[in-house]
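Using my numbering, you'd call the opening residue of the sequence shown number 294 and step up by one each time.
None of these hints come from the bench; they were simulated from the model.
Once the Cα atoms are required to be at most 20 Å apart in a straight line, the calculated DMTMM-like pairs of lysine to aspartate or glutamate come out as:
(1) Lys355 <-> Glu377
(2) Lys373 <-> Asp363
(3) Lys420 <-> Glu364
Simulated restraints, written as ranges between beta carbons of each label pair:
(4) Lys392 <-> Ala547: 26 to 32 Å
(5) Asp363 <-> Ser506: 39 to 45 Å
(6) Gln372 <-> Glu302: 21 to 27 Å
By construction, the Cβ of each residue, glycine as well, lies at the ideal position given by its N, Cα and C atoms.
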Amino acid sequence: MEMKDFSLEGKVAWVTGASYGIGFAIASGFAKAGAKIVFNDIKQEFVDKGLAAYKEAGIPVKGYVCDVTDEDQVNETAQKILDEFGHIDILVNNAGIIKRIPMLEMKASEFRQVIDVDLNAPFIVSKAVIPAMIKQGHGKIINICSMMSELGRETVSAYAAAKGGLKMLTRNIASEYGQYNIQCNGIGPGYIETPQTAPLRTPGHPFNEFILSKTPANRWGKPEDLMGPAVFLASDASNFVNGHVLYVDGGILAYIGKQPN
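Could you put together the complete structure from these sequences and hints?
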């Protein structure tokens, strides 16, 4: 084992939905490790915002408009990347949505939408890149799972179902395509500081206190906390790691919680 095994120099990484947040942080970590970054988002305005953010960070990227639930669009985008860069070495299935609605109030159409983005899309995008990975003799697929791949919680029935399914899709891709030197693993983020969680993180907010009490690290995660694990799973250092979900959660899943006074 040498430090060069953690390098992504010369690699091309496609991170879906990476205009901001967790996807942006992971793509930034890949860039620091030497990878060329491509990303997509569902609308041009989101792609433009992402391009501006990467430019501000000094990271050269290529952005595409692509709906990851549309198989034709995904196949066209995968071919564009291959035509321009020659190969796709790393795929991160990061694009996702959540609808916090009690199960009895959730419409079946809303449930299907979450499943479509969070589970069907990783299947579609992985299917689009695996043939090229087989041909080149290597590939890394990282699915952004969740603690809801393991746990349930009120109001997230669709999200938990999708992320639980994504965990098993991760294992199945590893099972089917490990023979071609393709590793498929997942990352399960804990509660991360993002613009979406900002209102919940104010001192004294009940949810903030709840998360801190459940997290041995006694803090929210930062997007940067995901960079190292993602680089590891994208690099040659993880060539014998396959079908695994790495939870980056500050210890939540290992902890039963504080004993009541």
